[in-house]
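Trainee: What follows is the residue order along each chain.
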Amino acid sequence: MTFQEKLKKLVNAYGVSGDEFRVAEIAAEILKPYVDKVEIDKLGNVVGYKSCGKPNAKKLMLDAHLDQIGFLVTDITKEGFLRFMAMGVDPRMLLGSELNVIPKNGEPIYGVVCSTPPHLQKPGDNKKSVPIDQMLLDVGMPYEMVIEKIEVGDYIAFANDALDLLGDCISSKSMDDRACFMTIIHALELLGDTEIDCDLIIVGSTKEEVGGHGAMARAYIDKPDYAIAIDVGHAKTADSTPMDRTQDFGGGPIIGFGANSIPKFARRAVEVARAKEIPYQIEAIPAASGTNAWAIQIVEDGVSTLVISLPLRYMHSPVEMLTLSDVYNVGKLLCEFIKSFDGQL
Amino acid sequence: MLNVLELQKKLVAAALPSGFEHKVADVISEIVKPYVDEVYVDALGNVIAHKKGPGKKIMMPAHMDTIGFMATYIDDKGFIRVTNIGGISAVNMVATPVRFENGVKGIMQIEGKADLASAARNAVAMSNMFIDIGAKSKEEAEKLVDIGMVAVFDTETKVIFNDHLVSPYCDDLICCVSLILAMEQLKDVEPVNDLYYVFSTQEEVGLRGAITSAYHIDPDFGIALDVCPVGDTPAISVPMVVALGKGPTVKIKDASVICHPKAVEFLRKAAKANDIPYQNELLLAGGTDTAAIQKTRGGVIAGCISVPTRYIHSPQEMVAISDVENAAKLLAAAVCQEIDF
Numbered sequence: 001m002t003f004q005e006k007l008k009k010l011v012n013a014y015g016v017s018g019d020e021f022r023v024a025e026i027a028a029e030i031l032k033p034y035v036d037k038v039e040i041d042k043l044g045n046v047v048g049y050k051s052c053g054k055p056n057a058k059k060l061m062l063d064a065h066l067d068q069i070g071f072l073v074t075d076i077t078k079e080g081f082l083r084f085m086a087m088g089v090d091p092r093m094l095l096g097s098e099l100n101v102i103p104k105n106g107e108p109i110y111g112v113v114c115s116t117p118p119h120l121q122k123p124g125d126n127k128k129s130v131p132i133d134q135m136l137l138d139v140g141m142p143y144e145m146v147i148e149k150i151e152v153g154d155y156i157a158f159a160n161d162a163l164d165l166l167g168d169c170i171s172s173k174s175m176d177d178r179a180c181f182m183t184i185i186h187a188l189e190l191l192g193d194t195e196i197d198c199d200l201i202i203v204g205s206t207k208e209e210v211g212g213h214g215a216m217a218r219a220y221i222d223k224p225d226y227a228i229a230i231d232v233g234h235a236k237t238a239d240s241t242p243m244d245r246t247q248d249f250g251g252g253p254i255i256g257f258g259a260n261s262i263p264k265f266a267r268r269a270v271e272v273a274r275a276k277e278i279p280y281q282i283e284a285i286p287a288a289s290g291t292n293a294w295a296i297q298i299v300e301d302g303v304s305t306l307v308i309s310l311p312l313r314y315m316h317s318p319v320e321m322l323t324l325s326d327v328y329n330v331g332k333l334l335c336e337f338i339k340s341f342d343g344q345l
Numbered sequence: 346m347l348n349v350l351e352l353q354k355k356l357v358a359a360a361l362p363s364g365f366e367h368k369v370a371d372v373i374s375e376i377v378k379p380y381v382d383e384v385y386v387d388a389l390g391n392v393i394a395h396k397k398g399p400g401k402k403i404m405m406p407a408h409m410d411t412i413g414f415m416a417t418y419i420d421d422k423g424f425i426r427v428t429n430i431g432g433i434s435a436v437n438m439v440a441t442p443v444r445f446e447n448g449v450k451g452i453m454q455i456e457g458k459a460d461l462a463s464a465a466r467n468a469v470a471m472s473n474m475f476i477d478i479g480a481k482s483k484e485e486a487e488k489l490v491d492i493g494m495v496a497v498f499d500t501e502t503k504v505i506f507n508d509h510l511v512s513p514y515c516d517d518l519i520c521c522v523s524l525i526l527a528m529e530q531l532k533d534v535e536p537v538n539d540l541y542y543v544f545s546t547q548e549e550v551g552l553r554g555a556i557t558s559a560y561h562i563d564p565d566f567g568i569a570l571d572v573c574p575v576g577d578t579p580a581i582s583v584p585m586v587v588a589l590g591k592g593p594t595v596k597i598k599d600a601s602v603i604c605h606p607k608a609v610e611f612l613r614k615a616a617k618a619n620d621i622p623y624q625n626e627l628l629l630a631g632g633t634d635t636a637a638i639q640k641t642r643g644g645v646i647a648g649c650i651s652v653p654t655r656y657i658h659s660p661q662e663m664v665a666i667s668d669v670e671n672a673a674k675l676l677a678a679a680v681c682q683e684i685d686f
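Sequence order for the protein chains is A and B. For the first sequence, this note's numbering puts the final residue at 345, and the numbers step up evenly by one. For the second sequence, this note's numbering puts the final residue at 686, and the numbers step up evenly by one.
Among these hints, one or two may not hold up.
[Said to hold, decoys possible] Examples of chain A residues lying across from chain B (beta carbon under 7 Å, computed):
| hint | residue |
| --- | --- |
| 1 | D125 |
| 2 | I282 |
| 3 | P286 |
| 4 | A287 |
| 5 | I298 |
| 6 | D301 |
| 7 | G302 |
| 8 | S304 |
[To be verified] A few chain B residues facing chain A, derived, Cβ under 10 Å:
| hint | residue |
| --- | --- |
| 9 | P362 |
| 10 | H367 |
| 11 | L389 |
| 12 | A416 |
| 13 | T428 |
| 14 | I430 |
| 15 | G431 |
| 16 | S434 |
| 17 | A435 |
| 18 | N437 |
| 19 | T441 |
| 20 | D491 |
| 21 | M494 |
| 22 | D499 |
| 23 | V586 |
| 24 | A678 |
Bear in mind the hints are in silico, worked out from the structure with no lab data behind them. For clarity, every value in this text was computed on a predicted model and none was experimentally measured. From the three backbone atoms N, C-alpha and C, an ideal C-beta is built for every residue, glycine too.
Please build the complete structure, drawing on both the sequences and the hints.
Mentor: Given below as structure tokens:
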């Protein structure tokens, strides 16, 4: 498989927070060739170890989360429609959306979010957004058939597969954060058999979208000295204004500065980017970064953390868009950082 | 004896907002070295000063991070937009002198279109504010200030009438001062307990330094030092009995913690036995490192001594020097008691 094929296979898989076991299998397969060993733990976290073979080497964790935003079935109506709640999704975008219900057993079941045709709307309806508790998912089956296949509590995800756009842009339902897992894969590809001076712990973590529990558990188990959380950052879109703290699409890795991204660590990343002429951008993150670094940093007696972000448009939508050049540049920065890192900042 | 004003000035000159405590950590490490057996800095930047002793392990944190600002955007004319680090009421920031971490000075101002007279207090937001460093263009400003650079209040530290001290960052540098004074008092005292003085980080963004240092130290007992608001200024919205100059407080509860009755009693006993004035504190809003200690590992009994402070989180906070000194005395007296819980 090419790099792009791997990326698409990973983002097309289903794995809403709490139900990452399918995507974890795929991620583990992709990671396997680049590390000494790979495991999937009981939370569904994928973890790979690459040792430098040196005594007393420091441990550097690279984390990207595998879970995606989605929905849960909350009720099945007598007519066979599903009610649902959202996790991380703005419901205003949902009318007419294509969703897949992921039953505990069996294949995904396709459905569409019901919408009222313009002809049947009351005056003014088209100016209002519909609250999610008034939305229904139509899976095209009568009640009896639905309750055989679907239960309350089943997960639902956006149904669409990744889409190639002009240039090197790709959109998908779960670039956040699986594209970042692929930045780590790219870093490992570039690294190859190069001699390094720290032990690497690669984590494809679970449950980030509901609080970072997967990464927190891995930090307890693996006890890294340093951790880099790679997550997506908001890239500029057509309606961006200069002051809204978005970053350039195609502008390269975003290096975070703030309490969650300790100054020495962040400055080192900037030095590496400059020395290796990798484009980079700086984001001011005053406190909570909204990434796994926030959870990892305060595990046990503390971990030195850094946040690196991949520019992404339309975050938390079914069409999250990135440019591959950013994916490669984040991977390159990670690789060069690892090569230059002897365990001291 | 160490001087409160001089110490506070030293700390204020070096302190930066949460996450950027390395400078003040160096200053504090240097000051406290003579008073303990070892001083070290951990992964989150906490300064941990350990005076070995035979009894129970006591952790005593005072946080050395401050609230402040971080540059997010520089406009074409060289005005710098910032976001806040920690809890900041924008309306208190109008016309505040500020200083970036590299020493560049400026003033914080508000957009002309914002109508302070008619706007509701909470309608004034950090997004309407900017810092003017005197630059004539974006290019000029960018030579001095980078995105991600942090800034602090650049107000004066001074003593006014009745030995009241006015300074930025009494929260919580004045408690770092109290902690250092207590260390000095205990320097030549044979320790009853195993003492861990902690100058903690990232308190203003979620007690994060105390969370990790408490895990590391695994204490038997904790006494945090922080500031608490007072009820002795005009027309306050929430009545409170605590007043400036009537002694440090023994915390009973704040929004993050209900102190264990044994911790409260332990501190009161020390105050009474040593004739140190104290006040009872019930704080409705705000949290302290006390909570981080209480919830570490299997749970730890923790209390807190507070220095009554006016105008908390404003550029000019006010304390009574006698309260700062008495907080130190109370802490020093308390940790010389045997702990039977």
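Trainee: Could you run down the list of hints and mark each one as holding or not?
Mentor: Results for each hint:
1. D125: Result: violated, 32 Å to nearest chain B Cβ.
2. I282: holds (5 Å)
3. P286: With a minimum Cβ separation of about 4 Å from chain B (threshold 7 Å), the hint on P286(A) holds.
4. A287: holds (4 Å)
5. I298: holds (5 Å)
6. D301: holds (4 Å)
7. G302: holds (3 Å)
8. S304: holds (5 Å)
9. P362: holds (8 Å)
10. H367: The hint holds - H367(B) has a Cβ within 10 Å of chain A, the shortest such distance being about 7 Å.
11. L389: holds (4 Å)
12. A416: Holds, because the Cβ-Cβ distance from A416(B) to chain A comes to roughly 6 Å (cut-off 10 Å).
13. T428: holds (5 Å)
14. I430: Holds: closest Cβ of chain A sits about 4 Å from I430(B), inside 10 Å.
15. G431: holds (7 Å)
16. S434: violated (16 Å)
17. A435: Violated: closest Cβ of chain A sits about 14 Å from A435(B), beyond 10 Å.
18. N437: Interface hint status for N437(B): violated (18 Å vs cutoff 10 Å).
19. T441: Status violated, d = 17 Å.
20. D491: Status holds, d = 7 Å.
21. M494: Holds. Min distance 8 Å.
22. D499: Check failed: Cβ of D499(B) comes no nearer than 19 Å to chain A, outside 10 Å.
23. V586: The hint is violated - V586(B) has no Cβ within 10 Å of chain A, the shortest such distance being about 33 Å.
24. A678: violated (30 Å)
In summary, the structure is inconsistent with hints 1, 16, 17, 18, 19, 22, 23 and 24 from the numbered list given earlier, while agreeing with the others.
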